[in-house]
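**Student:** Chain by chain, the residues run as shown.
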Amino acid sequence: MLTGLSAFEIAAKVRAKEVSCVEVAQAFIDRVGELDGQYGAFLRLAPETTLEQAAAVQERVERGEAGPLAGVPIALKDNISTLGIETTCASKILEGYVPPFNATVVEQILAADGVVLGKTNLDEFAMGASTETSAYQLTKNPWDVTRSPGGSSGGSAAAVAAELAPVALGSDTGGSIRQPASLCGIVGFKPTYGRTSRYGLIAFGSSLDQIGPLARNVEDAALLASVTSGKDPRDGTSLPNPPIDISALKTRSLRGMKIAVPDEMFGDATSPEVQAVIEAAMKTLEQEGVLFTRVSIPSIKLGVTTYYIIAPAEASSNLGRFDGIRYGLRAEGKGHIDLVEKTRSAGFGKEVKTRIMIGTYALSAGYYDAYYVRAQQVRAIMQHEFAQVYQDYDFVLSPTSPITAFKIGELNQDPLALKLLDYCTIPANMGGMPGISINAGFAGGLPVGLQLLAAPLEDESVLQAAYAMEKALPGASGRPPMP
Amino acid sequence: MSLPLLSDHAAYSRREIKEAQVHLTPMAITLEEVRHVAKLARLDLDEGEIVYFQSELNALIGHFSDIQKVDVAGIVPTSHAVAMQNVWAEDIAEEGLPRVTALRNAALHRAGLFVVPQIIED
Chain A
0 MLTGLSAFEI
10 AAKVRAKEVS
20 CVEVAQAFID
30 RVGELDGQYG
40 AFLRLAPETT
50 LEQAAAVQER
60 VERGEAGPLA
70 GVPIALKDNI
80 STLGIETTCA
90 SKILEGYVPP
100 FNATVVEQIL
110 AADGVVLGKT
120 NLDEFAMGAS
130 TETSAYQLTK
140 NPWDVTRSPG
150 GSSGGSAAAV
160 AAELAPVALG
170 SDTGGSIRQP
180 ASLCGIVGFK
190 PTYGRTSRYG
200 LIAFGSSLDQ
210 IGPLARNVED
220 AALLASVTSG
230 KDPRDGTSLP
240 NPPIDISALK
250 TRSLRGMKIA
260 VPDEMFGDAT
270 SPEVQAVIEA
280 AMKTLEQEGV
290 LFTRVSIPSI
300 KLGVTTYYII
310 APAEASSNLG
320 RFDGIRYGLR
330 AEGKGHIDLV
340 EKTRSAGFGK
350 EVKTRIMIGT
360 YALSAGYYDA
370 YYVRAQQVRA
380 IMQHEFAQVY
390 QDYDFVLSPT
400 SPITAFKIGE
410 LNQDPLALKL
420 LDYCTIPANM
430 GGMPGISINA
440 GFAGGLPVGL
450 QLLAAPLEDE
460 SVLQAAYAME
470 KALPGASGRP
480 PMP
Chain B
0 MSLPLLSDHA
10 AYSRREIKEA
20 QVHLTPMAIT
30 LEEVRHVAKL
40 ARLDLDEGEI
50 VYFQSELNAL
60 IGHFSDIQKV
70 DVAGIVPTSH
80 AVAMQNVWAE
90 DIAEEGLPRV
100 TALRNAALHR
110 AGLFVVPQII
120 ED
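These protein sequence lines map, in sequence, to chains A and B.
In this text, residue positions in the first sequence follow numbering that gives the first Met the number 0: the first is 0, and each later residue adds one.
In this text, residue positions in the second sequence follow numbering that gives the first Met the number 0: the first is 0, and each later residue adds one.
Hint data in this document are derived by calculation from the structure and do not stem from the laboratory.
Any given hint could turn out to be false.
[Stated by the list, open to error] Here are the computed distance ranges between Cβ atoms for each label pair:
| no. | chain 1 | residue 1 | chain 2 | residue 2 | range |
| --- | --- | --- | --- | --- | --- |
| 1 | B | ALA110 | A | ALA364 | 50 to 60 Å |
| 2 | B | GLY47 | A | THR145 | 50 to 60 Å |
| 3 | B | ALA72 | A | ARG478 | 48 to 58 Å |
| 4 | B | ARG34 | A | PRO232 | 22 to 32 Å |
| 5 | B | ALA110 | A | ALA110 | 31 to 41 Å |
| 6 | B | GLY47 | A | ALA268 | 26 to 36 Å |
We treat Cβ as the ideally placed atom computed from N, Cα and C, and that holds for glycine.
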């Protein structure tokens with residue numbers, strides 16, 4: 000079946016003219032129409048645009064000019080701006096908003112002859128870890144539809160796991176690509192901060208946000224990462240380095256690889272079943288020649304607090320732009336300020352309001368030094384501690400999430416329960432490090448993700464290592480129960 | 000511990016409000032402070048929401064105490080994920096969005112302009 004193929008396989012078949020781009024696009028449109036009622040992964044498709052783009056790519060295929068993503072349909076998290084396709088961030092405040100431009104990553108995908116399939120569900124403004132704060136719908140985990148796919152890129156993760164799209168883009172501010180990838184049994188990669196342009200990504204925490212791929216194997220994730228990276232003059236924080244080079248993806252051996260395993264990412268806070276799967280995977284990798292060393296990185300314990308000050312502080316500023324005047328929802332009000340307040344109160348959901356309130360509080364007079372400045376100091380400590388570790392080790396390994404997929408509704412009542420689970424993924428955002436989650440095995444029929452972190456700009460290395468590990472752990476991959 | 004009276008607010012379930020109350024110790028942020036922060040954040044909250052956010056904020060702030068114990072003497076705060084110096088762009092004029100495109104997403108526009116409520120008194 001076409002829809003079960005990897006992105007690499009689709010592009011190869013398209014270039015070999017075994018199948019046309021339009022056939023591929025139609026197959027995915029049909030599958031989403033048939034099955035997404037069960038999963039709720041997509042907020043919307045844009046079939047006319049998709050088929051138009053597919054037809055245009057086919058013309059280039061006929062001329063022998065097709066790019067690396069030839070005819071590959073790509074699902075995009077709905078906080079990535081798409082010209083002419085509604086983009087809501089799963090928020091009521093942006094209902095009906097149609098961006099007048101494409102995000103840089105979308106232009107890069109189109110230039111590589113990929114095709115935009117549709118927009119996927121997320122936690123409202125990417126604030127959450129279960130996709131439950133979406134103002135529109137719940138997304139279900141393809142491995143068990145009573146469970147959450149994780150979040151905030153839960154729609155992208157569920158779409159890829161359920162073969163509704165071969166690959167997808169998500170965004171990662173504190174783990175929002177890696178954690179849903181882990182809970183859905185797929186690969187999720189957050190590049191080094193600045194490696195991928197944020198232009199057109201509707202901002203949440205600007206010093207932490209990074210766009211990255213979700214895929215069913217490392218090779219596909221690397222392909223999409225290579226296409227969507229590189230310097231972008233429209234994003235001042237994008238790095239001058241060339242796009243991620245995947246030509247040596249398959250060349251790295253596990254033998255002699257030095258990996259640090261921080262005590263702070265195991266132990267009490269990690270569920271025994273997740274720990275067991277990760278330890279079994281480590282044993283296999285050890286037999287392949289990986290050298291594991293237990294280390295201590297004390298600041299990991301402070302990551303959650305640091306994150307829940309810095310990210311909301313940046314969000315409270317970024318979300319100031321939603322004022323009802325230039326785009327999105329506009330409520331009636333007596334005078335300008337009343338209109339702005341009523342618009343924001345009607346348009347934002349409760350998790351978004353909570354984070355705006357926390358961020359505003361942390362930045363307000365009298366609390367700025369105690370919270371915001373101190374969090375930025377702890378962030379500096381964390382960066383320093385990780386830099387020390389990378390002097391002696393190639394990578395840091397941990398579980399991605401301390402638990403497997405949880406039941407929908409199970410963790411969304413307590414303001415802290417879900418937030419405390421981000422401690423393995425947050426450091427990558429704090430330190431700008433590349434991080435990848437690959438499936439390590441299963442516990443109780445649910446996938447368990449393994450996370451690999453590297454020093455900033457080691458994107459190529461971390462992808463190479465993940466590729467080698469994926470090959471060394473053949474029992475770790477699987478397909479959820481579905482048609 | 001006496002809790003403030005809850006107004007009946009349809010947006011949040013009784014269970015959530017009840018669970019939130021559990022986190023009310025210690026009472027670090029007052030209702031007055033919540034109102035002040037809401038004003039700064041340009042959020043129009045009713046009394047039920049003020050109470051809700053007080054407990055929510057207190058739960059989170061309570062958790063934040065762990066970084067207060069860290070010795071940060073001499074640590075220069077960083078606001079960056081990756082060290083970066085000033086980034087300069089060539090000063091080249093480029094086309095902006097056409098006016099008609101820029102206005103397309105506005106709920107109200109007239110004569111090529113965004114419509115805002117009257118700001119200056121007659």
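**Student:** Each hint needs a verdict: does it hold in this structure or not?
**Tutor:** Hints, verified against the model:
1. For B/ALA110 and A/ALA364, the Cβ-Cβ distance of about 41 Å falls outside the hinted range of 50 to 60 Å, so the restraint is violated.
2. Between B/GLY47 and A/THR145 the beta carbon distance is about 31 Å. The supplied range of 50 to 60 Å is therefore violated.
3. At roughly 54 Å, the beta-carbon separation of B/ALA72 and A/ARG478 lies within the given 48 to 58 Å, and the hint holds.
4. Between B/ARG34 and A/PRO232 the Cβ separation comes to about 44 Å, which falls outside the hinted range of 22 to 32 Å.
5. For B/ALA110 paired with A/ALA110, a C-beta distance near 38 Å keeps the hint of 31 to 41 Å intact.
6. Checking the proposed 26 to 36 Å range against B/GLY47 and A/ALA268 shows it holds: the Cβ atoms sit about 34 Å from each other.
Of the numbered hints listed earlier, those contradicted by the structure are 1, 2 and 4.
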